[in-house]
Amino acid sequence: MKRDGSLHERRERLSKLVPKIGPVTFARDRVLPVEPALEPLFPEAGLIRGSVIGCQGATAMSVALALVAGPSAAGSWLAVVGVPSLGLRAASEVGIALERLVMVADQARDLGEEPWANVISALIDGFDVIVLRADVRAGIARRLQSRLQNRGAVLVLVGDPGPFSCDVVINCRQGEWEGLGHGSGRLVRRRLVLSASGRRLPRERRVDVWLPGASGSIEPVVAGAGLDELSTMTPTIEPDRAPGIALAG
Amino acid sequence: MGRDTTGTADLPRLVVVQCPDWSVVAAGAAPDEPAAVLHANRVVARTPAAAVTGVRHGQRRREAQRTCPELRIIAHDPARDGREFEAAVRSVTEMVPRLEITQPGLLTFPAKGPARYFGGEHAMGLRVAELITASITTAHTWMLGIGIGDGRFTAGVAAADSAVHSARRSDQQPTIVDPGVRATRAFLAPLSVGTLRDVGGLSAELVDLLHRLGLHTLGGLAALPATDVLARFGASGAFAHRIASGGDDRPPGTATAPPDLLVMRTFDDPVRMLDPLVFTAKQLAEELHALLAANGRVCTRLAVLAETEHGERSEHLWYKPHGLSATAIVERVRWQLDGWIRSPAGLTGGVVLLRLTPDEVRSDDGSQLGFWGERTEADEWAVRAVSRVAGLVGEQQVLVPAWRGGRLPGDTYQWVSVDRVELGPGSGSVDERLSAADVPWQGQLPAPSPATVLDEPLPAEVYGATGDVVRVNGRGLLSAVPDSVSIQGKQPTAITAWAGPWPLDERWWDPERHRRLARFQLTTERGTAMLAVVENQQWWITAVY
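Protein sequences, first through last, are from chains A and B. Residue numbers for the first sequence follow numbering that gives the first Met the number 0, so the first one is 0 and each next one is one higher. Residue numbers for the second sequence follow numbering that gives the first Met the number 0, so the first one is 0 and each next one is one higher.
Warning: the hint list may mix true and false statements.
[As the list claims (entries may be wrong)] Output of the computed footprint for chain B on chain A, the stretches with three or more beta carbons under 8 Å from beta carbons of chain B:
#1 73-79
#2 104-112
#3 130-140
[Claimed, not checked] Partial chain A-side listing against chain B, Cβ under 7 Å, derived:
#4 Val101
#5 Leu122
#6 Ser183
[What the hints assert, rightly or not] To give an idea of the interface, some chain A residues facing chain B are shown, with a C-beta separation under 8 Å as derived from the structure:
#7 Pro39
#8 Pro42
#9 Ala44
Calculated from the structure, these hints are not laboratory results. On a predicted model such as this, the values are computed, not experimentally measured, just so you know. By construction, the Cβ of each residue, glycine as well, lies at the ideal position given by its N, Cα and C atoms.
When you get a sec, could you build the whole thing from the sequences and use the hints?
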């Protein structure tokens, strides 16, 4: 290809090439799918690539897991950083594909702040979704965030977002558990009201969910579905070589 | 011998330069030090000293360490291999401008021009060996194979032969196969059909099948009628037959790319850093891949050109017989530019132009991107990111889940370090790693499971209504109804609901690992649901729902 001519001419030639060779981006390519129960929280019904989502409140860990279950099940890889206490069984129950889950151990943070930031940015390069408990300096957060937008990954922050600026903040208040009595029953499911707010949302969005539902996954709350219907599917706990259980007194 | 249906008139005379253990050379290991580069837990390259002790390609880490306990393990780093190879490529470029790189450690170029210039193929082969040895900074003589022959396959086999001999005689004599189909066949005939896999890139299944049918040599395969081979083994068998008999070794469906097909970017502000260039290359590669895919084609040979504001250029041809995916293209651009930017002479200016031009394309028969159970782009990116992170923090710090089984929430799955497993679908071990036993674990609490499983359980006390600590006796009887819980000595919170005890008596046959405990679920007035255990009369909070 000829390269002479003024900058202007070259630009014009290049701009003619753009429609021919420019990448086509469909709206659905920019959004990672979420579980149907969580779709009402997002105007695009999914997680926009390049965005930062904060999960705050008492149930942030559960909500973060439910949030990334959709992309994970759809084939995205998930990296977890700074969350050593992640419950893997719960993650698998909520729908996360464990074969595409990788965690960086917390000891790696002892290397110092700069190498630590390099680790996260390497993860942003290769993973679609990163779950992070953040405590980094503001400069590093900015750098990571711009990298995130370039690469099109989604960052889910558990707890205090620190210096990151969240596109969407999900407020995860404490929910109400069903199934546990006084010395009887067991934890069956929890009703949570989640609210999303942020600069991309003109008004607060709310959704009423069972998280975890009776099977551990996330389910929308359907009016009128009481616990009675569940009692048939509640398995009993088999005691292991149980010597007999009774409540004294 | 079968009918002579294939001529070699159109087969170019090629030189293949091969350094089979390039990865250890690039890592800077000395030949007399036992060292090996491992990828996905298997040896991909080793030093001569390691080879002497019996370390082989494809060996697992444990086996390699058993045969050679003092073996130094070097992490696999394709970026390092590519970067270091750039110097070798540059040294040969002085002699032959248009050479193509298949992978770091493997070069191909036409023999005709340089051979005439240097006074014969043998002299040229020695000269190439000299140039490459001089370009390797470690100043050791490495195993290097130089093969000259008709077509890529023959030259490749000759290079492998030369490499083996160079290791034995510690010189770098080229192996030259005389031109013509007769000489080519005579050279190939006694060789094992395994070369079809090692050099020709054919599947291991086909080679295995040929062995089981008693066809052990290329000559034996070539002696069969071509039509019968096609009927029995299909297209890949026919291809194997063709290359075994010295015929055209380009994969079927290969063609020269249309001349107007290229993607490029110019930069108004010269770019001096590698990362923005690689990022641009990624966009270009995706554009190119999409353009070709729209016509059902894939690029097998690609010219990558970068030019600085002062006219310095770096242009290489990259070759991959089954076609370059977008990821593969980006990787090659990174290798080329990284080595170029870091070259000792350095660049005087920033890069203003980056161009990818397909040189040869072939119809995409799907041998690259599979459907089910094969790696997708996302898998490739992630696996690569994992190896980069492992390089930054050490493999022990990068963890993946593995199923273990057990009755406590933290026991069902455990984290294992990534160096012990193979990632991504198609590696087989994923199923093995994560498949739960068919039968449920007796005594496991049913779903839902706690989202947070504490690494270190928190000591707690559970009080009855009278303020006495609740005890659980050996028969699972409680001394009082739980009323409040205090975690780590903090102010007690009221318990709103609870259930248990679910006793657990694990490994009673093993005095060392025997555990006897009782599990409870509690919710507090703050709405938190927890899993508590009592072991040896001490309460612990082990998980939060």
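Looking back at the numbered hints, which does the structure fail to meet, lowest number first? 3, 7, 8, 9
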